[in-house]
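Please assemble the complex out of the two chains, which come individually in their own frames, going by the hints.
The listed protein sequences correspond, in order, to chains A and B. Counting in the numbering used here, the first sequence runs from 1 upward without gaps. Counting in the numbering used here, the second sequence runs from 1001 upward without gaps.
Fair warning: there could be bad hints in the mix.
[Claimed, not checked] What the simulated footprint calls covered on chain A by chain B, stretch by stretch (three residues with Cβ under 8 Å from a Cβ of chain B suffice, anywhere in the stretch; the number is not a length):
#: 1; region: 83 to 93
#: 2; region: 97 to 104
[To be verified] Computed far set for chain B versus chain A, every beta-carbon distance over 10 Å:
#: 3; residue: VAL1017
#: 4; residue: LEU1023
#: 5; residue: ILE1045
#: 6; residue: ARG1060
#: 7; residue: GLY1062
#: 8; residue: ASP1063
#: 9; residue: ARG1080
#: 10; residue: PRO1082
#: 11; residue: ALA1086
#: 12; residue: PRO1098
#: 13; residue: SER1101
#: 14; residue: CYS1118
Please keep in mind that the hints were generated in silico from the structure rather than gathered at the bench. Owing to the predicted nature of the structure, the values given are computational and were not obtained by experimental measurement. C-beta atoms are modelled at their ideal positions from N, C-alpha and C, and glycine is treated no differently.
For reference, the chains in residue letters:
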Amino acid sequence: MVLATVLIDGNNFYASCEAMVDPSVVGRPLVVLSNNDGCIVSRSAEARALGIAMGVPFFKVRTQLERHGVVVRSSNYALYADMSQRLMATLERWVEELEIYSIDEAFGVLHRPADGDLSAWGRDLRRQVQCHLGLPVAVGIASTKVLAKIANRVAKADPARAGVLDLLAAADAEALLAQVAIEDVWGIGRRLARWCRLRGVAHALALRDMPSAELRRKCGVVGLRLQQELRGVCCLPLVGVAPAKQETCVSRSFSQPVCELAPLRQAIATHLVRAAEKLRQQRQRAGAITVFVRSSPFDGTSLYSRAATVTLPLASNDTSVLLAAALPLAARVFRPHKPLVKAGVLLQQLQPEALLQHHLLMPITPQQQGRRERLMLVIDALNRRYGRGAVQWAACGLQPAWAMRRSRLSRAATTCLSQIPVVHAR
Amino acid sequence: MVLGCGVVAVDAGCVAVDLAALLVRDPRCTLLLRVCGVSMQGAGIDDGDLLVVDCALTPRPGDVVVARLEAGFTLKRLVRRPGGLALAAAHPAYPLLPLPSGGDGHVLGVALHVIRHC
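Bound conformation, chain B alone (with noise of 0.2 Å):
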């Protein structure tokens, strides 16, 4: 009988890194957002890069959201503030806003993983 390195790996239980299961929690609240613009490169996120975001997440003083605005989908950093929450830039050139009344309903979700091409 032949035993192969696969035969092998089999019986030690490995799998094969699973990408999208690192990069999504959980697919039915997962969306992808193409990046357009530069204000969040301070964050690390660059124009035309590929965001994930978790919808169901909720979202925490710190994290990197997508705000829906009336402008559209807008990417910031969720800061504490005296006044409340607000929405920063990663960028200095970009004004602080503060977060549209009624909160949590204008936060889309918690972008988690951003996707670049080399």
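Okay, chain A solo, but in the shape it has when bound (with noise of 0.2 Å):
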């Protein structure tokens, strides 16, 4: 028996999560932006087909945008990470094994049949795909994760292809890694790709095929890995289940730069109650929290990066208590005069919620944590039924004015009751 290794990955996802709620934007040019309205992040084949560059600020192309009737939305997180968990669980019956990558990509194995090519099952899934989610994906088959990658993005950028290719049935293989520049090779950086070219290693092919005694007084073992995965030999095995999370954080950079402290605390406190509620989601308590802020790289003046720690003497994941040590932190970062753009909360020391540790000092009976973990399962399970926001503690602030600009945002179509899509009947 021999196994197979596929890369299964979304074309344009963000962009393609959009069509599948909309049909009216279905044909037409459309670009999802990056947090704050930034900068491009995805792009329908029909904005590519436009010239528009992936990554450009939002800013400098508006005009071009708007002559060609670009559709533009900001980030609708809610609608891809639904779609995501669709599509994962979609893949999960294709495969043996999945390992989910990204919020759009995800590693596969299962075993290849006995003529040996899997290009007619990458055909089917996509079309399952496709048809079932809506969704485009590209399907790159191989023998390893490195030689998947490479499988993937020919499967891509051939249209003939039709966005599966299987590497080991074709007959043409070595021309299709001569094909593949180095520094698209996954894994390649920018200097080990600069340092390749200098020794006039141009490709994938010839990345295989150099001396390996070469490659590893260059970049050791990570390096020899990379070639004979390669030549066809796994050295990146699966990760199936994620290991448990030893650290949670949440940050986000201001709309407008922040420059008082009660702006600030509010924003701290929010980015607080969303990193308690994924602690609660993970079934993990807190031993300590860290608070960060940071200027504008940008803005002409010294950069101010200030970080400050706290040591819960009882690991929580109660709001309340996590609010209460970590709010002070915040007039301990916080300048005069220093425009800050970014503030971020980090929770430490994770350790499973089945596991506490009483303290001497803090006596707490256990009717008592009952009643507070009882009142948070409560808010949690509002704020998953209403909309994030529902239940909100007062420290976070009513509409605050450094809150995230999304000005072009979709709807949540498919995780909130009062806004999924209308179906006309007329």
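Structure (structure tokens):
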């Protein structure tokens, strides 16, 4: 039995999600912007065809977009996260093992059939995802992760392949490897790519066939593993269940610089409330909290960056307890006349919920503890049901001026009952 | 030892009816949509109803389907006509629409259930 490694990922995932829940944008150029409507992070095929580049700041291309009638959307994370879960749950059925690598990317392992060709399997998978979820995906099939990445890339770039390539069944596999620039090989950073180029190693095939000893001297076992993967020897196994998190972080840039303590406290409270919610989802408690802020590196003055940490006497995932401990840190990281552009909260020393170590000087009865835990469960359930912020801590403030700018947000079409799309009966 | 009703029920292998399971065949490919308009009253679907749509089912003539048209999601019944498949309202005031070329690609899914407040 021979195993195959596949990489499945969504084409223009965010843009495709937007089109899935709004047919009026199908076939039109569409771009999705990053946080605070900053840069272009996803483009529909039509937007690509217009020559709109990835990662450019929105304000630079705004008039160009308007001239071409491009639909512009803010990042709708609720929608993308839900569509991602649907996609991953669908993929699980198609492979024997699945590693979710990012919001729109997953590696899978499955057995190769006797005839060795998985192209038809890939086409079936692609058709089903398109038909059931309305999302276009590309399927790269090979024997290792690094090769599956390459297969996926070629499958997407070459229209004749229609989004599917089994590298092992391809007659021209070596020629395909020679087409993949060294910079585009998974795991090759900018510096390593330059080093390769200087030695005349310009593409994936040349990297595969270069002397191992030379590669080992330059980048040790990491480089050797990469080369072995290119030779079809598995060195990077799938990571199935994610290991328990050691830290949880929530941070955001402000829509406008924050210069006063009161809004900074609100921002820190808001991030902490979100982080505590994540913590309870992960069934963990935090033993320490770090609050950090920074000014803009581009405003001409010296960069101001500060962090402050507090250790809790008793690990907790109770939002009130965490807020009481973290809010005094705001004053410690704040400096007047230093406009801040970003603040964040890092929860550390995470431990499983089941394991609660009691503190000699802070007696808390099991009854009290149970009541607090039930309160948190009720608040989380209400916020899930009626939308985030339905029940909120007063410390977070009402309609804060620093909140993330998302002026072109589409609906939470699959996760909030009041925002589901309309179907016309006319 | 006290035996309550609950214990008997567990012994009989009974489980409370799961409404979500009745309405949703597969949550991965189910969408909820809000109906706006009266053209499907003849099919028992009214303005303001909540519609459970299954995107994985292959639409067959006779099914109530959600079509992806330029003007937005549109609710119609898929019907067979001499010229091919068409989209029909369940109300005499609305005209028959031909299914745009590309056929299946323009159907989001099949409407399976309607949820309505009394």
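Results for each hint:
Only residues whose C-beta sits within less than 8 Å of a C-beta in chain B count toward coverage, and the region 83 to 93 of chain A has 3 of them, enough to reach three; the restraint holds. Judged by the Cβ-Cβ criterion of 8 Å, the region 97 to 104 of chain A is not covered by chain B as claimed, because only 0 of its residues qualify and three are needed. With a least CB separation of 21 Å from chain A, VAL1017 (chain B) remains clear of the 10 Å interface cut-off, as annotated. With a closest Cβ-Cβ approach of about 14 Å to chain A, LEU1023 (chain B) is found to remain outside the 10 Å limit, as its non-interface label requires.
Not every CB of chain A is more than 10 Å from the CB of ILE1045 (chain B) (nearest about 7 Å), against its label as outside the interface. With a closest Cβ-Cβ approach of about 15 Å to chain A, ARG1060 (chain B) is found to remain outside the 10 Å limit, as its non-interface label requires. The claim that GLY1062 (chain B) is not at the interface with chain A holds, since no C-beta of that chain comes within 10 Å of its own (minimum 17 Å). No Cβ of chain A approaches the Cβ of ASP1063 (chain B) within 10 Å, the least distance being about 14 Å, so the stated non-interface status holds.
For ARG1080 (chain B), the non-interface assignment is confirmed: its Cβ lies about 21 Å from the closest Cβ of chain A, beyond the 10 Å cut-off. The Cβ of PRO1082 (chain B) lies farther than 10 Å from every Cβ of chain A, with a closest approach of about 25 Å, so its non-interface assignment holds. Non-interface call for ALA1086 (chain B) relative to chain A: holds, since the shortest CB-CB distance, roughly 16 Å, exceeds 10 Å. Here PRO1098 (chain B) stays apart from chain A, with its beta-carbon at least about 16 Å from theirs, past the 10 Å limit.
A cut-off of 10 Å between C-beta atoms confirms that SER1101 (chain B) is not in contact with chain A; the least separation is 13 Å. CYS1118 (chain B), annotated as away from the interface, keeps every beta carbon of chain A farther than 10 Å; the closest lies near 18 Å.
Hint compliance for this structure: hints 2, 5 are not met, and every other hint is.
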